[in-house]
Amino acid sequence: MTVRHALLAAAILALIAVPYAITEQYYVNIASQILLYAVFALGLNILVGYGGLVSLGHAGLSGVASYAAAYLLAAGHGHVVAIAGALAAGLVTTAGFAALSLRASGISFIMITLALGEIIWGLAYRWISITNGDNGISVATRPAPFGLSLASADGFYDATLIVFLIAVAACAIFVHSPFGAALAGTRDQPRRMNALGFHVWLIRFWAFMFSGLLSAVAGILFVYYNEFISPQALALTASAEGLLMVISGGAGTLLGPVVGAALVVIVKNVVSAYIARWNFLLGAIFVLIVVFMPEGLVPGTVRLFRVAWRSARRPKPATAAAAATPAGEPKP
Amino acid sequence: MSALAVKNLSKSFGGLRVTANVDFAVEPGERRLIIGPNGAGKTTLFNLITGELTPDAGSVLLFDRDITRLPSRNRPHLGMARTYQIITLFPRDTILRNAMLALLGLSPLRWNPFTALQRQQHLLDAARAALARVGLAEMAERPLAETSYGEKRRVEIAMALAQQPRVLLLDEPFAGLSIDERRDVRSLLSSIPRDVTVVMIEHDMDTALDLADRITLLHFGEVVVEGTRAEVVADPRTREVYLGE
Amino acid sequence: MTFWLLLTVNSITFGGLLFLLSSGFSLIFGLMRIPNLTHGSMFMVGAYLGTTFLSGTLGFTLDFWAAAVIAALEVAILGALMERLLLRRLAGQQLAQVLVTLGVSFMVADLCLMGWGGDPISVATPAGLGGFVRAGPAVFPLYRVAVIGIAVVFAVALWLMLERTRLGAMIRAGVDDPQMARVVGIRVSRLFTIVFGLGAGLAGFAGMIGGPILSVYPGLDQDMLPLALVVVILGGTGSLLGSFVGSIIVGFIYNFGQALLPELAYFVLFLPMVLVLVLRPQGLFGGQVL
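Residue numbers (our numbering), protein chains in the order written: chain A, 1 to 332; chain B, 333 to 577; chain C, 578 to 867.
A couple of the hints might just be wrong.
Chain B is faced by these chain A residues, among others (derived, beta-carbon under 8 Å) [to be verified]:
id: 1; residue: F174
id: 2; residue: S177
id: 3; residue: P178
id: 4; residue: F179
id: 5; residue: G180
id: 6; residue: A181
id: 7; residue: A182
id: 8; residue: D188
id: 9; residue: R192
id: 10; residue: G197
id: 11; residue: A262
id: 12; residue: M293
It is worth saying that the hints were derived from the structure and are not from the lab.
The beta carbon of each residue, even a glycine, is placed where N, CA and C say it ideally should be.
Here chain A stands alone, though its shape is the one from the complex (with noise of 0.2 Å):
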């Protein structure tokens, strides 16, 4: 345990340290794209990795979070006004995704979800009275929260990695909780949770729910710090961008969604340099990582790590016992 703290204190110093070791504001706004859409794969991953809803409507949830935002900074009002209003569209937007979709699960959910992702894409492409369609609303100023100016690119960065660390605690204290551990039931036996007396629903609904809040906190971000949005950040695509993240990374895990953000954004922009467009490789790294890797990266290594410990112990007959018990647990 005490090894798991010292890594994770050593991973949130590094973290800290990005903007100062990185002096180029390029690689420090790499940076800061990561940390934002681990807060969507992380929301995300609530529903696919923990519920087992597969939704592919979620960009649909952060981008209405995002509308929102720049049409009341567009309008004149403050960023207090405008933060609140996109929390509040994402989170009636969530409960209307929530009450239809949950109708079902398993592949149709899917299909809910796309529809209902391409539904708020519509909207942001042709409700052109609002949303300016095509163009899109820019926004003119990132907000000041307490002095701290987050117009620089490091100043933006410790704010995300702040957002970004309330909630990888935020989910890591729910998938721990009893609610958490009931929302996994639900994935694996709803029908025996609702014999124990789950209400398996509900529980479904309050997940979204969450899920929801996170995205529509990365889409803050997002709007932030494009300083601009547009449909495209709501169409099928993105969606199935956050899902690759989750999937790659490792669906149901903590680490995984931001390991997948990470790969994803990193080969996103490095690919960006030599190839015009990158939905190639996009594709690909989803269909190899689906037949090749399907338990994601991270349990993927882990599960290669252990076989190599294992294999490398196993020579020497003196410590092939104690392999054999599991660590932490005093031998009979």
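Got chain A sorted already, so can you dock chains B and C onto it with the hints?
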């Protein structure tokens, strides 16, 4: 007052009557065995009692309270617990965690997203106690996926018992067990205190005969014979049902 | 009055196109229990391939109909290959299969962009159908009326195939109960390949037929896929009648919505889907193949 009463219960699937005017009442503390050949409608009857299926007609009463229209998820809260014939457990979790989920189902704590489940000492203790009752205490930390079929059956029973039910419904608790495992489960079931009413489904008559006070024989969805152990065994209709096909 | 008549004809035409697209989508869904998220891509690829045969860049030019048929065949082969090489590996894992179709749809979209560029390509109306039909005060483009005829011909042909042929009987059995189909000795795996190819081919054909009306452009796939999805949710999966009725309904809502509430057209389009989901989750005609 009966612990569990079923009145005129009927259910059809696409014209096929799987439960036809079934009527019976189980007294508090009674051990009731429901037997019948394959397709007699035993599991359907259980699903109607627990509310996983909605009856076309008739009613289900738990301690005189009409629960026919009550959502099935509410019934455990009134003291009804069940096991499944086909093992329905949580394969990714440990045995202990399976038992904890059973306890959590009845606890308001299940809505709490803020506290750590592993720190709920009273839940942990209760779960360990439930596992001790079925002789699985020492393997509580083992992942369910690494347990034998017989152990899984016992986990099923432990989870139902952990909920401290007033009425316990067991769907073929001996299905697929070896002779040794059957003996273990039998002694486990006979150790259940009499303040729990037990209703048990079995395919064969002999398997659980000695556990039963009264027996209900089901055939093609209908109650054919009901009575004490001796009465049902002696009844010619019982012979007919089991030998006549 | 003329406006309404024209709008009605356009709606039915679009419904016909949607039927060609969604009947295959629905059959694949009914049989394999997965939404084929490459279906929009198949539509787009069919159109792109068809325009290439028309353009003469390959050193020869084909007649419009020949181009449509050959494009459809090529797309059918692509679909069958995808089923055999990718989806087959993931047999029984529906979620993985859906994700693979999603991944392939991105790859196809990008390949099309590389191959045909980002500008829309317009497709000339086939020879002899460039004229107009006069009906009282209204004048309709002949081609749009022809598309309705094509859709009807395909609907009848598909119906006959499902109702009268051995292949159709196997498909119906598979949609009703895949387990049972396996038990009675139908080679389900080969059936999957055939139906996937057939569905893809229909989508590719629809893409080319739709070319003169919609033109071909990057993103056409993402425009068409949700429409097929709505049709199938409305009509119910695996139901030919459902696809037909669903296509006509969506065709009307889409065109009338565009004309009357352009800003909310998309919203209006999905509204009936939401209603069906709430009131009749299995779709209007769910549970019956024909």
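Going through the hints against the structure:
1. F174: With a closest approach of 5 Å, the A/F174 hint holds.
2. S177: holds, 5 Å
3. P178: Interface hint status for A/P178: holds (5 Å vs cutoff 8 Å).
4. F179: holds, 4 Å
5. G180: Hint holds; A/G180 Cβ to chain B Cβ min 7 Å, cut 8 Å.
6. A181: Cβ of A/A181 sits 5 Å from chain B, so the hint holds.
7. A182: At 5 Å from the nearest chain B Cβ, A/A182 passes the 8 Å test, so the hint holds.
8. D188: Cβ of A/D188 sits 5 Å from chain B, so the hint holds.
9. R192: Holds. Min distance 4 Å.
10. G197: holds, 4 Å
11. A262: violated, 26 Å
12. M293: Where the cut-off is 8 Å and the nearest Cβ of chain B is about 18 Å from A/M293, the hint is violated.
When the structure is compared with the earlier hints, violations turn up for hints 11, 12 and for no others.
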